[in-house]
Amino acid sequence: MDLNFSLLGAQAVAGLTRGMLYYLLASGLTLIFGVLGIINFAHGTFYMITVFLTITLAVHTNYWIAAILAPVILSLIGGICEFFLLRRIYKAHHLLQLLLTFALVYIGVDVVKIFWGTYPKSLPQVDLLQGGIFIGGIRLPFSYLFMISVSAATGIALWLILYKTKWGTIIRACTIDSEVADTLGINVRMLFTLVFMLGIYLAGIGGVVAAPVIGAVSGMDMEIIILCFAVAIVGGVGSLRGALLGALIIGLVESFGLLVLPQFAIAFIFGVMTIVLILRPRGLLGRSAS
Amino acid sequence: MEKIKSLNFIILSTLMLFFLITFVWGIYPVPIKAEDKPPIKVGIVYPISGVMGTIAIPSYKAHLLAMSEINAKGGLLGGRKFEWIVRDPMGKPELETRYCREMLISEKVDILHAGYGSALGMAASAVVAESGRGLAFLEGGKTSKLRNEKFHRNVFFLEQEDVPEARGMAKALCEYGPLKDIKEPKVYFLSWDYEYGRSLYHWFAPALKKYKPNVKLMEAWTKVAETDYTPYISLIAGAKPDVVVTTIWGGGIPSFLKQAKAYGLWDITNLFASTEVAGVEYLREVGELFPVGTWVNVMELPGIPGNEGHRKYWEAFRKMHGEDPGAFGVRNYIATYFLAKAIENAKSLDPEKLIPALENTSIDTFLGKVWMRKTNHQMMTGMYWGPLIKSDPPYHRTLDKAKMYWLNDIDVSLTDDEILNIRKSIK
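Keeping their order, the protein sequence lines are chains A and B. All the letters of the first sequence, read from the start, carry residue numbers 852 to 1141 under our numbering. All the letters of the second sequence, read from the start, carry residue numbers 38 to 464 under our numbering.
I should point out that these hints are in silico values taken from the structure, not numbers from a laboratory. Predicted model, so just to flag it, every value in this text is computed and none were measured. Check before you lean on any hint, since a few could be wrong.
As the list claims (entries may be wrong) - Calculated pairs, SDA-like style, for lysine to any residue (alpha carbon to alpha carbon, straight line, at most 25 Å):
| hint | chain 1 | residue 1 | chain 2 | residue 2 |
| --- | --- | --- | --- | --- |
| 1 | B | 298 | A | 986 |
| 2 | B | 129 | A | 954 |
| 3 | B | 427 | B | 454 |
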């Protein structure tokens, strides 16, 4: 195989696209864990439902309206789940929390089966996202540029919210000690609901930008959630900067690993995860337990 | 006194009558109404939920259709009707093992339909071997290992084995398809990394080299149910192959086709999509994504073969289930009638009588003659191969009738000697 510039560039773009999608999902996952202390196994399921919902809404309206509505609807559903289910188990054992979010996975899969069936679905062609441009011999499809741009913009917006607003300061305070925040008069219950909705909204954005380039099928949630956990572990669970770093590492390792050993490329991600776990168990940018 | 005598007479007469009736009943068996006859118990352990539900549900529904039709005609063995119990292992081998045990040991089913897919097939086959009872028909489970290395007398296979599929692919590519006129072709094989994909490649590589000794065969493996093929696509594009051969199915196929189109992959190469991904369930949902000219293999499509039996099957399926039959359902529909004929031939559900009956049964179907191969218990049918052309909605694509052809499994399967040699080498 000729390792020329265009091939390396194409692999870099592919890795970057993957990484940015992982980041959108892992940032929501890590935010929810950081503030609520819950490992949300159903995060990928919310992403999956958004992809299906985007397809249905796009068929009846158009993709751009669907792209605005779908994450909002999912975020509201997430809020309902938090209000009626999750807030009852914040102080429960982690095992119970896992069990509940795992139950949500099964419910979500059945919801997909009832409303969309078991056959794969595909978003109708989005005219504005067809075609692409060539830069230095590398083809950049518009759909991928859209995914990268939206993910990057969402990441910047999230950073601004968390580090430049009062709400962000409160959220960060809660990640350190929510009980102290509660004694200071902060409505922690409402904050938890909003953070959970924000996390699901991020997964929803992931679903919306992914819909033009992937097919939707029941079961796709488990495939992505495993990678999100890998990203969170590599970057450091609870750290947003860690989620970005982890997502880029996983995306690029997966992509360039193919050039080295295409027969065993999928093993590279978990190889990286294992090395990080051995050398730095809290992840590359994770906080120490102390 | 008279009263007592009369009472004694009544009691004695009643008792005598009772014993007489009992005696006569015992000697002359009174015909039992059909409804009173014991049912033919069928266990169905298919992954109805999860990613495999896409293909397992049409199969499950096809079994129900055939069994309902047979029941409506009065059942088998003089009025015994099919009765079924269903379990959903959700694609998980550990659940498959548990449910197969439940079916064979607790429910004592006469027939077990299970093992959808290679991993579940391995689990189901192991349970049959361990229990030593019942008859199992494994759907999915294409891997030849189950038929050769792990062969068990009580297990039969409905799904096409990977050997004829792999050899059929090589034949279609080199004799009729995109590699026909290329002496030193470049082929890229892209597959999910699991038993079926690896086993298919194991048989495909030597078959391809037999046709094209100078072929450059490249390979890449993704995780099962992958939805992002972008890095693989840029890698393949960089290699500039003459054809990309994929075994991707389910939700993976629309993702792969969309991403390949976005990267302009079909501007520089051709696609050969095996694994029966051009079934109606796929074409209806994502048919437009298949590049025209994609080579595929399918057992049937609307109007293909299009004979009377085929039309009736479609009508009956639509009437019962309110939808079109899926690509994999036809095999299960035919298999149920095949099983019914074997049961009638054996005049029994006893595996010791039913196994030889199955091994010697054949039926004529709308897809031609179907028979069971004695050496490896494989139900032998065949497959249509050919390129896709545009067609009207709702399916968007269909096989090019001018170029398609039917290939019988037996013509590209392992010979009996090859199978026996594999088994001998294991021992």
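Tell me the numbers of any earlier hints that the structure contravenes, in ascending order.
3
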